[in-house]
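In order, the protein sequence lines correspond to chains P and V.
Residue numbers 1 to 348, in our numbering, belong to the letters of the first sequence in order.
Residue numbers 349 to 1041, in our numbering, belong to the letters of the second sequence in order.
FYI, nobody ran anything at the bench for these hints, they're computed from the structure.
Idealized CB from N, CA, C, for every residue including glycine.
Incorrect hints may appear among the rest.
Unchecked claim - Taking lysine to any residue and the SDA-like style, the derived pairs with C-alpha atoms no more than 20 Å apart in a straight line are: (1) V:Lys833 / P:Gly172; (2) P:Lys286 / V:Asp385; (3) V:Lys864 / P:Gln105; (4) P:Lys171 / V:His834; (5) P:Lys202 / V:Glu836; (6) V:Lys367 / P:Cys280; (7) P:Lys202 / V:Val380; (8) V:Lys367 / P:Gly287; (9) P:Lys286 / V:Val380; (10) P:Lys202 / V:Ala741; (11) V:Lys833 / P:Pro169; (12) P:Lys171 / V:Thr835; (13) P:Lys202 / V:Arg994; (14) P:Lys251 / V:Ser783; (15) P:Lys202 / V:His834; (16) V:Lys833 / P:Arg60; (17) P:Lys192 / V:Lys1000; (18) P:Lys202 / V:Arg742; (19) P:Lys171 / V:Ser783; (20) V:Lys1000 / V:Ala971; (21) V:Lys864 / P:Gly106; (22) P:Lys202 / V:Lys864; (23) V:Lys367 / P:Gln105; (24) V:Lys367 / P:Val278.
To be verified - Looking from chain P toward chain V, a few residues come up when the C-beta cut is under 10 Å (computed): (25) Ser27; (26) Asp150; (27) Thr164; (28) Val187; (29) Thr229; (30) Lys235; (31) Gly236; (32) Cys275; (33) Gly277; (34) Val305; (35) Asp308; (36) Pro309.
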Amino acid sequence: MSEPAAPLQELEQLLADATGAIAQAQSAGQLEPLRVKFLGRKSRLAEIMKLIPRASPEERGEIGKRANQFKAAVESQLRERTVALAQRPTGPGIDVTLPGITTPQGRLHPITSTLGSILGLLTAMGFETIEGPELEYERYNFDALNIPRDHPSRESFDTFFVDTPSPEPKKGRLLLRSHTSPVQVRVMEQRKPPLRIVVPGKVYRPDPLDPSHSFMFHQVEGLMVDDRTSFADLKGVLDEFLRALFGANTKTRFRPHFFPFTEPSAEVDIACTSCSGVGCSTCGRKGWLEIMGCGMVHPNVFRAVGYDPERVQGFAFGMGVERIAMLKHGVTDIRLFFENDLRFLGQF
Amino acid sequence: MRVPLEWLKEHVAVKVAPKALAERLTLGGLEVVGIHDSTDGPVFDIEITPNRADCLSILGVAREVAALTGQRLKLSSGAGGGSQGAREKRHPRPSPLAPRPRIHIEDRKGCARYVGRLIDGVRIGPSPDWMQRRLAACGVRPINNLVDITNYVLFEYGQPLHAFDFERLASGTILVRRAQPNERITTLDGVTRTLTTDMLVIADAKAPVAVAGVMGGAGSEVTPQTTRVLLESALFDPILVRRTARALGLASESSYRFERGVDPAGVEAASRRAAALIQELAGGAETYALDVGAKAPRRSAISLHTEHIQRLLGSSMSPTLMRTTLAKLSCRVASDSSGRTLRVEPPSFRRDLVHPVDLAEELARLSGYDRINARLPSRTMSAGTSEAGSRYARLQSLRCFCASLGLTEAITWSLVSPEELARCGESAQHGLRLSNPLSQDHAVLRPSLTVGLVQAVRRNLTQGAGGVRLFELGAVFRASEPSGKHTEQLHLGIALAGAWNRDWQGQIRADFFRLKGLVASLVERLCQAALHVETISLPWAEPGYGVELRIDGRPIGVAGQLARAIATAWDVEEPVWLAELSVEALLELRRASTTARAPSAFPPVKRDLSVVVDQAVAFERIARAVREVGGALAGRVELIDRYVGRQVPEGKHSLTFGIEYRDASRTLTAAEVDVLHQRISQVLASQFGAVLR
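Hey, can you work out the whole structure from these sequences and the hints?
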């Protein structure tokens, strides 16, 4: 072996030494001496470089190339180690797997959030949200809505009456409203068409508590009245609303029904959300879920509020909020909404 | 209403499968809620809405099936199951031996018409099997041939009938009149009932023998010994029957139909049908037929503007189609020369068809609601600028803000028990009571949110919750004696108990200051105002722990710790913290918008001030003094530490204020801040005996 072979072997050995030393360095301060040792003016590299002019022309190129490679390799290792050391914790460190500290979380009741989605959609469609009293007069709850006294249609609206003389006997007895429709009357008495309103709120009916009945629940009522709103518009608005609420593929059907305050009247079904219309326990094997009632406002209701039924027409609709919340969240017992158990409320 | 398919088929041809028929009926407005099996085939369970009294019979449903499926009604309605005979006898032959019944209507308003038929020589026994099976399918127990026939015709024609044992009617007399005060009758169910003058009865020469339209009396009922029968088919006033049935707590198939309205033109037909069946199945012969009262008046026609219907339905249905559709429903239709206005005379059995809109529904449902094309209305836009409209948005953001403070929303019962109200120290006399509560547990309208929130707290603690943080936004109701006026107001309630927050770094317990801080945050955020509190005595609060909440001197609510005695009565060990605010007050004091100020460009000088002062001196007085002396330059004054312990004398505490001095227009010098800072401590020393630490 001629002498110039030795520098190449030495460079190899030096690279191994440098790699080991750099990896063991525990601080930036320990890296600087290593740079000096391996790359400085007095390093073995510097001495090998000095030998290059004396080497044979063919070896000269090889040694120069290897020396540059060595230099680049060491510099790169020094850089990487510097970065790695900078990122190391200075103290004893932490167990990052310990639980994070949470801020106490509050939540909205599922009925409030369901109401929020319903009203959000209807507001976007141009309906204005209005509220009315829960303590109501017979006139607004019944009479003005074309539900006369001693008429069997009152039977569908069993009602809690309040045991106190009515302060306004002309408006009949005081009661807890059995639906949100009285607010229609109150608004129409005060405003002229065109009207587009939605009314959310609590309503009361003397139904004993069981998994599907509660004496207190929530409704949303809608009313749109002007000189041309038709049954076709009613179908369009409710189709659009139900698709927005239950998904773009929601199928609806309108079934003739009876409500004293609308004519024609309809009940609206959607194809069962659980079985898509095949029939299951959620829909009572019918394939359809009854979701709301609606119809064209009855001329007698218009007359009761002083509108001219020859000049105005429009629709009204109403739905139970608990029912929609139960369908959307798979809740099978309505009482859960009023027990206020944080383990239930915390899921929404 | 139960409808056996084979009985229905006697009146109309059914050419589709039962399921398809059910679907057609449902989409036509007669919702089939179930199909049951019987020995004679499927039985439909149909929900008849209160307006469709005409469908409370097999014949009525058959008419509907005919209209919906385009079939013709079979007019041979005399068949009656497997029976061939039962032909109507139009000309009764009075027997010289038979006594002549006397029928008189005294109350013409209560009873417009009364048809009585006397059938002599009947033999009481069981009715034939086919009739018993049909009645059973309709949910009625067979009794004897006479009673069964009246029930059978009731289900078939929808006309309630009654059979009296004629021998048991004093003087053979039927008198339709109001009951006399305290008159009594024992009805067929064996109950003796006291009647009032608001009730209509059928009486003989002596006493009531039936409650008109509701139930017959036991004294005149058909027995196995009966041979002479007086068959009643009458038209009673719906409202009178309804009031009577309600007052007596007695509902029957008969009252159910009268309340909803029976076909005034069907009274005689049903009577003839029943008489024919009696003679066929129980023997005997009709000897007298008496028809008292007015014949059904002709219906007034409805004027139908076809353009109005098109506009209402949003449909282009042609006047011709309207005519043919209404004709299918047995309406008599004529049109004016233009063909655009129809004169529609509904059949006697469709008492629900009164307004043009009633006909609109008929037209829409017969062609199918699905045939009306949905469309979205295009209208002018409105930003919903009314005050009422924005109120709800404000309430929603109030709810969201409460949730963002860490509170979970509860919805508790608006109806509470008087006993629980009392247990919360509230007098039930402020609460409005229900006159017909379901139970005492929910008999009073809540005068405050306290009961509901305490219940919710207890439930969660019992279920092992370490801490409870709840809010509720709901109406509360109060009666004010003696004016009878009542109020309904929206309140915001907050309830805290146990840990406010607990994690592995420690626990923060709910306490008065946590509660006060929550309310202060709300007030600050909503009204941009400072919260003040004043100790008051509250019926539910622990003495010394109850406060009135105020903004600028105006009361907005109350807060405090639930009295320990009350908590114990509710089996709650943890201290419970409650606040209840008037939402109206919060909304009224709401600051609608803010005018923003750019922050000062000049740096603040921060100084702390620690003083030892008597605990009896209210903090707020000291803080106010600091602010007053500091004036405009003391931009922010905060309590940053409070210390009670060995390093301060008994009965005193050390308070440390962090004060930020700044001026909007220049940099303050250390010297001028020192002077001001010193003056503050001097004032605290002289006013409150505070000692600088």
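Which hint numbers doesn't this structure obey?
-> Of the numbered hints given earlier, those the structure breaks are 7, 13, 14, 16, 17, 22, 23, 25, 32, 33, 34, 35, listed in rising order.
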